[in-house]
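Enquirer: Mind assembling these two chains? They're in different frames, but the hints should get you there.
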Amino acid sequence: MTGFRALAIGLAAGLALAAAPSAWAHRIHSALTEVRPNENTGELEIAHRVFFHDLEVALIESGMDDDTPPLGEIWLAAAETYARDRFDIGVAGATLQLDYVGAEVDGQFAWIYFVAPMPDEYDRVSIDNRLLIEAFPDQANMTNVICGDVVRTILQIPGRRGTGTVDFPDR
Amino acid sequence: MRHLLLAAMAMMTISATAEAQTIRQTVSDYRDAFRQLENEDWPTPNEIRPAHGAPGPEYWQQQVDYWIDVRLDEDAKRISGIAEITYHNNSPFALDYLWFLMDQNRFRRDSWDNLTRTVTSTDQISSGAARRMMRMQEWEGGFDVGTVTDSEGRALETRLVDTLMRIDLPEVLQPGEEVSFTISWEYNLPEENVVGARAGYECFEEETENGDCIYLVAQWFPRAAAFTDYEGWHNLPFLGSGEFTLEFGNYEVAITVPADFIVSATGELQNPENVLTQAQRDRLEQAMTSEEPVFVVTREEALANEREGTDETATWQFRAENVRDFAWAGSRKFIWDALGVQQDGEGEYPDTVLAMSFYPNENEPIWSAYSTRVIEHTLDVYSSFSFPYPYPTAQSVSGPVGGMEYPMITFNGPRTVRDEDGNITYSRGTKRFLIGVVAHEIGHIYFPMTVNSDERQWTWMDEGINSFLDFMTQRLWEEDYPTNEAEPDSIIGYMTSSNQQPIMTQSDAVTALGPNAYSKPATALVILRETILGRELFDEAFGTYARRWRFKRPTPYDFFRTMEEVSGHDLDWFWRGWFYSTEHVDIGLESIVLAQVDTGNPEIENALAREEEDALPESLTQRNNREAGIQTYAQRNPEVVDFYSLNDEHIVTNAQRRTYERYLEGLEDWEREFLESGTNIYLMTFRNDGGVVMPIILDLSFSDGTTEHVRIPAQIWRRNANEVTWQYATDRELVRLEIDPLHEIADADRSDNVFPPEIRRSRIELYRSSQSTNMMQDMDLTVSNDSLDTRPERGGDDE
Ligand SMILES: [Zn+2]
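Residue numbers (the working numbering), protein chains in the order written: chain B, 22 to 192; chain G, 1496 to 2294.
Extracted from the complex, chain G is given alone in its bound form (with noise of 0.2 Å):
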């Protein structure tokens, strides 16, 4: 090691941020936070689930057919069934007996939700709270269960647990094998205003409206429970929350409804013939062409078909292959629109597929104008981000329901309304918010749909991802477009909270839902694209992932390790930081300080220390004495003075001149030059008061009027997750720097973000200097010149 150059700096501290405030919430002394989180959380890779994050040799999952014959009774708001249903045993595993999702038993009186819900307020009840209680004292809500018999018509034995239900079987269920048997069963539908069920019925009584109803009909049937590799059979009961964990299979649905109703659902319609006219079977053609939405049932014939009403019924049959669910929806008051959205299927996908929609005339216009259009647009979107729309069909079912997620269908419930002249308005508010439904839902059949990810447990693996991709597809709607969700800063008052959990917690125990497992996710994506890998690599690794699950069942790890391993990045730290803690993002300038470079030369060296030494202020005591008059002995007794008392200690010696000599002769040319260049060497320390490590982002600004972005990785807190000191040379003068310039990586506190200190003003005083500078402006007020009291009259033209 050469004896050269940082030997002794001179040194100047620059600042030191005042005061900082900082957010300090579960900040522990020592963090790992680049701890591996293999063995830790994440299970022991296997030949089913490798390291790699891709299915492995060994994947399986079961497959469970269904041929359905359902039908609606309209008066009794009842649905009855029949189903045969088929399972396929792929596991390596024999099975005594098959678990069922019986989910409408949620609706009994003695459910387990029912049961364990709590009250909200000692002393006030909400009207909708009062509202379902009486409904749950008079309805009969649940599964009628008829029978359950074999192929050979011998009654099996069933076990019912809440919403589960045993079927024991006749014989042992081998690997590779499949059983099939029929199961009959009736339940009455819930009323969705008022018990809240994710699907229901809804009338409209008004009396400008016809009495008529919208029937949105999901977790109709005993749905098999998931039997899968990490968990054995899914068993965790349907408490409101926590969505679903299903199976993929075949679907043959014959729906039997009054013969006037158009119906939606799950699937491509097999018998158009027998329940369509022939102008609508041509309509539906010309859809497919289409440039914009055709109405394959227009309004006036939706509002003719409530007038008339029937006693006939009709069968819509319908059929869906490779789907984890079914669900339907059906009435009279329905106006269809479609629209054919041409892809690149990739030869798997249709190239076609059909976007459609339906809605009661009580909410145009808005429907028409949007809703297929949005279905369009989110195909496009989510397409490029994973896979082509696997389905032929893509609905959006206008209802009761206010945003709900099914195979090929959605409901969705933004609405139109009538004020008291009669006139039918929508509010800007609605508009965004049918967008942002109907792109969230159609989204959904990417992610859990195709991408079957196990909701019940981890909501955010579908809530999350699909959260990321509605912002992206909302983004890009149109310009501007007001939405924030995802946008970094937005998330900043949840991970500040002092009660969160961490993003993978199980879902029903999640107490805020909406930041836990839709915002901060989605947040967290967002970072990781924009900030942490770039999009070029997020994006490879993202479709990757997506294209690795499609048809399959993803657990969370599946994705870590998918999107580790194709961007060649170790994530583990962001993981830990972002879905297992609760620790947020903060990080704070400590200090700047100026580190010159000692040149050696005493001529220089010894000035620089002389001056600091100046610099300093004088000794009290000394000044005292002087200025009381005290005289030194030396200047008593001047005989005293010598060569040292004249010079003080840094005056150059030819020792030291001599030293310097050799020095510069035993340097490398680039020695001496860097020696003379006069390089600035900034030392800066930064501080991670939030917990989460995170790049450091830096915006440098010089006194040359010269800029810098500096974008350091988090592996800079390996060693010190708490606190950093980086360098940073340059022969230019700093004169100001900020962490984080472009708010990108959810920074609490920005208070210490800044050099030199400014001064940041609460969202509160900003607002109000905004309001003193314009609010008149925006309002279209003026006040005129000779008002006494200033008080704003309406001014200027009306628009």
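Next up, chain B with everything else stripped away, as it sits in the complex (with noise of 0.2 Å):
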């Protein structure tokens, strides 16, 4: 090594010193997300599932009221720009840019939705889902990438953060 290299490491959520819930014997904090084409519609489709109490503290942790009604408008408007703000998608080297569809809740789980139109190219899928792990830091972000038969898993957890990309060589 030749040389020291000062890093200047951004500090995630605003330093929002709220407590940071530790690892415990219930439930794992984790959530799945899943990558898919959809050749009826030509978009590829983006669909995070959390759960919905997570998301809850998360959204008010980032500032919306706790007492905001879920899937109001207000509720619906935050949880577009949470997710929005915490997860990005690559394709084939280009940043998408996603459409919010919604959200829903069912059961135990949130659903958010957003769409991209069908990218050309769909060999190589770079994803960053940063969703929950400000406000949880044992966040487990499992991210299944779907391409006809073939599902390849982008897996972001304590100590595995950052982009992870997936190929499709054969597409």
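FYI, nobody ran anything at the bench for these hints, they're computed from the structure.
A couple of the hints might just be wrong.
Said to hold, decoys possible - Calculated cross-link-like contacts (lysine to aspartate or glutamate; reagent style EDC-like; alpha-carbon spacing at most 16 Å): (1) G/K1926 - B/D87; (2) G/K1926 - B/D88; (3) G/K1572 - G/E1726.
Expert: Below, the structure is given as structure tokens:
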């Protein structure tokens, strides 16, 4: 090593020193995202499935009023902003601009939906999934990138954050 | 063998599903899906752990009893204790030394956990991680061990290996003998919200709140490491993820705290007259027979208590029998409610269990509304699946730990919040979280606190089984309660992911502990109960497992074997698919062929054959010849045309008629009946695209409007785990088929589950169409008739 590189490390989530809940014996903080081409609509669909309660905690920590009714206009907008700011997808080297579709609650889960026009090339997909990690240090995010009958998973867990990439060489 | 029947079938393929999209993963060419797990992963049975899954005649486990005097220094946030420990060697082996768990050492700067922490990102650091890092620089965590002496007061040699401490015995401890020794120690309590310790303190600092703290105290004394028949001394270090492997014993614990504290602890309070007022003791008595929770310490009393303060101390004495651990909590902020839960203790366990909750006023009103009630409900549901609750108390304490379990006491995190106007609120999510987490943590008192599985090795044995039962508990809380974590469809995303690990993976090595050790095993048990075994057999087998292994230490193999033996189902294929593999479930319909019986009657069969031939397109060469006006030789020379030219090969000959008559004469009555019935035989070919073999569950619909639900056991895959053809005979005409209509097997790709194929819409498409029809309605919005831009306005009555 020839020199020491000073690294400017940003502090995530505006240093909201809200209690960072620890790992606990009840279910671990985890979320699942599916990235799936839809041939019927010609879109690439991105569906985030998070625990509703975890999302609620994170939305409130990020500034939403805690009495905001779920699925109302304000809540839906907050969920959009929240997920937009914490999920990046690049396809064949280009960052995709996502359109927000909406969100719904199903049992313990909240789903947040985005779409983008289906890119011409779909051989390399990069994902940085930072959902909920500022609220829960132990958050484990799993992104299933689907291409035809192949699923490739990008896992963003404690100790393994940052962008992950999958390739579909035969496509 | 008779010459009968399905000789030459009139075959007609009525479907081959179109390019079904399947999810491919670790699919190998040959799957021996039903190979037995004995001699593969399962250990050879012995007299300790026999092949039928019950504890054997030679079963043994150690016992470790504790007498402890512990003191909380509130100002220094420091615990000091002295313990007299009696180790009973019930094993057939002589022991030179004993290992103890020193779990607080995880918070030393040089601990393996601290040294092996990896960064979460190279360009960003979370505020929580930054705060922890700073705290770890300045704060001294870990045990300070004072003295370790034998009963004569002689110092014993010790050796520290990260979170383990070895105590060398002056004399070999022979089988059947016991040894007593004394340890003193101190340590600084971690601040739970900063370092994350499954315990610790939290102080309330906001203006409207008193600066008082809640202390949750766990992993607080040297606990004996497990010494077992299958592993010897357990020496996996505590790295924070894999929880604990412990021994049962009896505890007498004296806890000295500020005199105005309320203390909750594993066990039963032995000296209420010294620490409770007469009124509080009367209320506790009243709670034993009350129909609803009784406040032992009211809100007003707790608030007054916070304001007064004291320099005095008080000592709370607790006694707990046959527990694998001991934890406690104390605060002057605690409101305390209690309810006697009646049960049939079957002569072994209490008939009345005291369910109790402890919480600060800050977390009201949700705690008094739900916590103790959820304990009551949880005991009811869990006991129905296992055995009567075996201890006299079951407690839920509100504090900074999201959720953590110990014998008779649990720490739970849900809290109310205060909005800008100072109003107390709690969200729908918080209510559900409270119900879910209290059920889950109280449930842990059964698994693993009583059915003492090895948490550090196999998280799923306590978390998976417990998530299964807390799912049942939440399902029984109220109709349509929003819990779907253990519903089969919810696990598909994890099971199809490309870098999972099998459930049978050591706890600290699992990357996604939530789906791996909680949701997937819980879902597997739901499927085993609802789909594979049925409720009656499952409940009997599961209850037998619980009762066989209460207050003992089961391994996964004891669980697997018991479930098989009691239910009468060889389930190796199920364990292999769900617990040992990373394959998923995906059954697809390859084709349906309608086979009709060959009647042998030339009048019918020849005509059918002609029909089939006529249905084929004409030779293109012949058609082009004709259209070009080219004549054949026979057309030009009609004298060559004879009988054969005029009649095709399908004409019925007398020889055929005679053969048919002889054939009919040779048939049994039932054969003739079947021949004339016109039965349709549908040959259905199914593919196993996911790898895990599962039952094939079918809904069949017929043209006459009737339907049938068919459940084919998983053994259909025994000869070929990749593809099978199954036959179904009916005199009706099949018009629709659906595989797994009730979504009960976690089938990952449903696009090839239906005949005739239906267009499946994605979640997002479905969401969009539901939004276009009723979103505005749902949101109480209206559009005025004359608005040009159809801008929604809030309308109607305010609610
Ligand atoms: Zn748990």
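Enquirer: Work down the list of hints and note, for each, if the structure agrees.
Expert: Evaluated hints:
{"no.": "1", "hint": "G/K1926 - B/D87", "verdict": "13 Å, holds"}
{"no.": "2", "hint": "G/K1926 - B/D88", "verdict": "13 Å, holds"}
{"no.": "3", "hint": "G/K1572 - G/E1726", "verdict": "37 Å, violated"}
Going through the hint list in order, the structure does not satisfy hint 3, though it satisfies all others.
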